[in-house]
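Starting from the structure of chain E, add chain L where the hints point.
Protein chains in written order, with this note's numbering: chain E, 7 to 383; chain L, 200 to 314.
Just so you know, these hints were derived from the structure itself, not from any lab. Treat the hints with caution; some may be incorrect.
Distance condition first, Cα-Cα at most 20 Å in a straight line; then the derived EDC-like pairs of lysine to aspartate or glutamate [what the hints assert, rightly or not]: (1) E:LYS313 with E:ASP137; (2) E:LYS281 with E:ASP73; (3) E:LYS210 with L:GLU268; (4) E:LYS68 with E:GLU278; (5) E:LYS112 with L:GLU233; (6) E:LYS112 with E:ASP203; (7) E:LYS68 with E:GLU24; (8) E:LYS210 with L:ASP236; (9) E:LYS281 with E:ASP137.
Below, each chain spelled out in residue letters.
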Amino acid sequence: MEALIVSLQSVWNDSGFEGLTSGNVIMLLVGLILLYMAIGKGFEPLLLSNIAFGCLLGNIPKTGFFDEPGVMQVILYGINHEVFPPLIFMGVGAMTDFGPLLANPKTLLLGAAAQGGVFVCLIGAMLLGFDLREAASIGIIGGADGPTAIYLTVKMAPHLLGAIAVAAYSYMSLVPLIQPPIMTLCTTKKDRMIKMDQLRTVTKFERIIFPIASTIFISLLLPPVCALIGMLMLGNLYKEAGCLDRLSDTAQNALMNIVTIFLSVGTGLTMEAEKFLRYQTILIICLGLVAFAAGTALGCLFGQVMKITSGGKVNPLIGSAGVSAVPMAARVSQVVGQKANPSNFLLMHAMGPNVAGVIGTAVAAGTMLAMIGPAGK
Amino acid sequence: MGPVTNNPFLIAIINMIVVFGVLIVLGVLMHLIEMVDPTKKKAAPKAAAPVAAAPAAVAAAPVVEDKSEEIAAVIAAAVAACGGSENVVAVRIAAPATSWAVGARAEAQTVQPFC
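Pulled out of the complex, with its shape left as it was, chain L reads as follows:
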């Protein structure tokens, strides 16, 4: 079977409509998955917890996983020296991630060498 049409403008328009249509349906699919997600209710309180805790923690010492308070103080000082206006609430060790995520972290650290 040959091409449906040889008109490039028509091909472009039809293709763009299909691409938009497919991705819109994918978007709807994502919303549906979110709606039927049985684990959503369990996850919600966890996600809300840090937001609620944040105001109280602002004045308190930063929460640090398995590290001394001195290290937390050094990190907080570094953030302040870089012009950070927010208080450091928590410091955690970055979890192992994909190659790209590791690359992105390295990129984020090198993009602003002078803050």
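Extracted from the complex, chain E is given alone in its bound form:
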């Protein structure tokens, strides 16, 4: 009998229940809510479900995930050493069509303007007491680009990774809800009804040379983001080359799915109660919303400028797609434009600023890394 009690005591002492804190319980509930949002409500399920499950796993005590070798250590290594974001970018590149951007390079400016949200958020974060590196990491949420946000945060403020990744991916899934009211505020119905001219045909030569030339130029200018831009453009080269279909298929399907699983589970693992349950997390969530809203508004307002300068040929709604969130932000432009004018098809026009936003966010991240420097340096 005594042996049984000792054994049961031993099992209890080794169990997670023994080490469970109130913080862990709260985070387990957060994980369950995120799972419900992902699976029940369909908010970015491919990412949020993994983040949520990672959150559950990361808040079970005594698992040894953070200090003993094992699969979770490998996943965390990929997060902490910026392995996964560039691999995700390779898949993004393989799925990206730069054709609309090449056909109308002026839309690059919309992608640049929408990055204003990043810096509005950076200013707000510093005013709220975050230090410069933390503010830069929080600001990048406004780029609506998960991999870049993770990439920059790991380099500048790794202790905020969980909160920033959750804010970035949550708001990206809420783009169809956040953007339309702001787009409506920044445009008149007449603006939204504008039909844009058909884009010119882009040759295969342009499609192949662009990723190569832009990689060389941006990487030489901003070496800290060479991994991101390089992998984005390599993936795109797979797609456009015409003789690399197998690699393109792997990059945009199998590899993308595998790395998405690792990246999002690893992000969830970083949501430990001690790191996540802070007043700062609430501020980050609020600042992320400000960043998204500001980016959308600035994109639309710059779209208004382009509408005026082009003699009314540009629909300002495509400006909101400059916040990246590929391709969802472009779809929102399409949907809002079509509500105003059912025969309006803005999707391909909005893809220009949308992919420009991806490049713009990476450039903004690289510039901040160059100006501010990574943590500990």
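This is chain L only, laid out in the frame that chain E set:
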């Protein structure tokens, strides 16, 4: 080496200038690629062909790839029923595309369920 400055407004302004500058240079790069494109002249006649052919084809039956005229008639009727004012000139099977392109097509078909 520490940060160049701690002034958030200055950082924001400098960064925006750099982002605009880099993307403008990329735009110039795109124009240069277009200008030096040796395949442009070959591609141009191909691109112009459908425009020239369009007026003549308006009254004619739609061009359909590997499908019967009945299917073309059904598609044309569906377009007309949805309030389309243009004549259907050609119907072609969508080429295989990336996951996003396939998703976008599905989206375009579902965005306007009632036309």
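> Any hints this thing doesn't respect? Which numbers, in order?
Replying inline: 1 and 3
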